[in-house]
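Visitor: For reference, the chains in residue letters:
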Amino acid sequence: MPDRQIAAAFDEPDCAVNRAKPAAERQLGCAAAALAPGAAAGGCAFDGAKIALQPITDAAHLVHGPIACDGNSWDSRNTGSSGPQLYRTGFTTDLSEIDIIQGGERRLARALRQVAESHRPAAIFVYVTCVPALIGDDVAAVCEAAADQLGLPVIPVDVPGFVGSKNLGNKLAGRVLLDRVVGTREPADPSPTDINLIGEYNVAGELWQVRPLLDRLGVRVRAAITGDARYHDVATAHRARLSMVVCSKAMVAFARGLHDRYGIPYFEGSFYGIGETSAALRQIALGLAAAGGPADLPARAEALIAEAEAQARARLSPYRARLTGRRVLLYTGGVKSWSVVAALQEMGLTVVGTSVRKSTEEDKDRARALLGDDAALFGQIPARELYGRLAAGEADLLMSGGRTQFVALKTRTPWLDINQERHHAYAGYDGAVALAAEVDAALHHPVWHQVRRPAPWDGAGASACR
Amino acid sequence: MSVIAPPAPARLDGRPAGRPAAKACAVNPLKISPALGGALAFLGIDRALPLLHGSQGCTAFALVLLVRHFREAIPLQTTAMSELNTILGGADNLEQAVATLRERASPRLIGLCSTALTETRDEDIRGDLRALMLRHPEWQDLAVVYAPTPDFAGSLEVGWASAVQAMIDALVDEGPRPRHRRQVNLLPASHMTPADVEAVREMIEAFDLSAVVLPDLSGSLDGHVPDDYVATTLGGTRVEDIAGMGAAQITLAVGEHMRGAAEALQRRTGVPFRVLERLTGLQAVDTFVETLMAISGRPAPESVRRERSRLVDAMLDGHGAFTGRSVAVAAEPDLLVSITRFLNELGCRIAAAVTSMPAASLAGVPGTAVVGDLDDLHRLTEAAGGADLVIANAHGQATADAVGAPLFRLGFPVFDRLGAGHRVSVGYRGTRDLLFDIGNLLIAGRTVPTARGHPREASDHDHLHAPAALGCS
Ligand code: SF4
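First to last, the protein sequences are chains A and B.
To convert, note that position 401 of the first sequence is 401 in the working numbering; the numbers rise steadily by one, no gaps.
To convert, note that position 206 of the second sequence is 206 in the working numbering; the numbers rise steadily by one, no gaps.
None of these hints come from the bench; they were simulated from the model.
Here a beta-carbon is modelled for each residue, glycine too, at the ideal position from N, C-alpha and C.
Honestly, I wouldn't trust all of these hints.
Examples of chain A residues toward chain B, derived with CB under 7 Å [unchecked claim]:
#1 C44
#2 P66
#3 R77
#4 T89
#5 F91
#6 S96
#7 R110
#8 V131
#9 G161
#10 F378
#11 Q380
#12 Y387
#13 R389
#14 F406
#15 K410
This is chain A alone, in the form it adopts within the complex (with noise of 0.2 Å):
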């Protein structure tokens, strides 16, 4: 079973990297460029899965497994909900020894009752990880006896790790919800102007910067997929009227599901940076008015932008005096490897290089127009490159994730998190003034003159005394 599901994630056709491919190896799909023991450096299918799902706020989120998947992982993410509170809670069979040598489907059942009984979820998502599928325990059965006893969907995610990578996660649970999720439920309230914003998790409440724009255009999210979601909201997101992928690549195939099955329309685009942001609210009116929605949506949309961008270059423009010609190295991946740049230029910083890891042809066209050179364009930079040229002096400031922040501070470069653990939201007009107001805190902030004085015994000092 899960084999096929996996081919299913593969068969990407808007995919340019698989596209390119002769058919006997697009077939084999991306799981067949094997990791290098010794040289691997990320999250697994379930870490993706994972990722993708818990936003769903009202849900459960069991782990199936022995301790390593949910006790090292759980409550990690900073990911927000205005409203419940369960999707924090870590959840986890904990597998025994003796549960893997019987086999950990009673274990499982009675878990599953356990959590609808205390916890009253709207409905349970069930991970599947590597033990577990090992040992061929039958979690969809066991599932599907829970959902009828229960009264709940009870619903298994088959992401055991050593399938592949975090993005493979993604995949997988982008198809989960298109099967088993995706047009459960009819909403009572549909409207013209609904839209679906696909890969957007909420991370430090950035949806939360996006929708006060659509409201001011009357502009629902019926379903943000997902981030501080509902269930039932996911389960009525077939009657949304356009989807935007925003900002990933993982999730296009559900959004290609959603207009395969539904007739749904979608574009990818990214709320980071004044442009890009018009460009997103430009597309969404046009998007809705060519579906049906308000023919007056585009000029309502065209007089927001101008105000919107008039206000937030105003409120830039300090920021662009003193970050102009600052450089900055971008160390992320995938659509975040040109969106981001852009929002960076827009502040007038110079962007030294950026990481085209997980990035399609067509991500690194971007990136290769914005930057205008080639050689700005890297892919994994190995810790000790990494080290080598922030020491070297080769940029201001380093943009990345959580790993790589102490290879940075240990050169005494300015770092900034541009990653899912962040506590700062970027997203809109005002998250490009949020991060400019951060990119300028970090790089001009006091500690750098004291972290990198010389020691007393090092400095000029010593040498006087000698």
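Based on the hints, put chain B with the ligand in the right spot on chain A.
Guide: Chain B with the ligand only, in chain A's frame:
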């Protein structure tokens, strides 16, 4: 007052391994995987690289947690097992991983920790490793030590102990050796911070003894800024020094979970050992100091006497803040023993004591220790009528909020406060610091009756003029 009477005889709640009652599912788990504990122990060795034998996700999670706790770049690698490798066996992945790491990072030691995935299939990892080392005579400059750390058996403490024992079995020269009168071995507990380890070493050195510390996080994870990039640990116990542990006069092991490792060392070298239950609390540190006096044949130096006197003074000044206050604690077994005994000695009531796994040492916990999760901590605390303070790792925040008490962060992980690795709570001075930190939280959180009968937050004013509020009546 019964709350400050000597603790009643404790038990492990009579229940066998696993969870309290019939709980089928851990809710907000307290447990951390043993593989992470094993990796942490290997991080205390100089020029080492821990390697988890399993799928990449296990390493990624452990890595993120370690980085967030210590705020350091952490070297940690994976054998990157895929579904196919898992079925066919992991020897090839292991070989590739070791070869790659040796080439890229030239470590002196690779610490191989298994995971649930590789142990479920009953792989003969030890055999695979032996065959590999025979096939690669060029790997002689490298020690690869295998520690069994399946996720389905035990918690962080178990993995740490397993790795230390594995290093003893693999690296210590066998047989009795000429003893150095002034050398001791120190086997720190898994819950000791790098700064704790340093504090204990300094105490040992104050008696003109020198210690081989296995593992020594104070050398590697103490948060220094190196001059150049290294892909392994930088600092920690040297492999050569581990080999010579048979020359010590005695081995001091901290925490009951280190008994097995101390025994292994004795079997190998004949070095006798002593297990110190804990190093926090006046009485416990006194025992430690008596031991050092006996080993060294020296009186306690002035600095140690002075620190003891300061601790005694702090206990005299501060015990009122603890009297009758109730504290809910969740921690790994030996840390739970240490902190609950300390609190009990200062007059606190233990509202709830929850731990991650069954362990013999839990008999030392005042009252009843329950094996469970943070949800149990919440439940038991409510059942006990609430608590004035919650002590747990950073995940305990939600429990503390639910209980309406402040959280004192202790254990692993602490990812939302600075300096987790720099806190000292062992020795006379560390105990005194701990007393101040916890005492201040209790003082800040205490309420006094008001005229209308509504409790309000106490102020400094109350502290000066209303000693009754401290519960000393
Ligand atoms: S790789 Fe497998 S066992 Fe490890 S965390 Fe991921 S799902 Fe769990």
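Visitor: Going through the numbered hints above, which ones does this structure break? Give me the numbers in ascending order.
Guide: 3, 10, 11, 13
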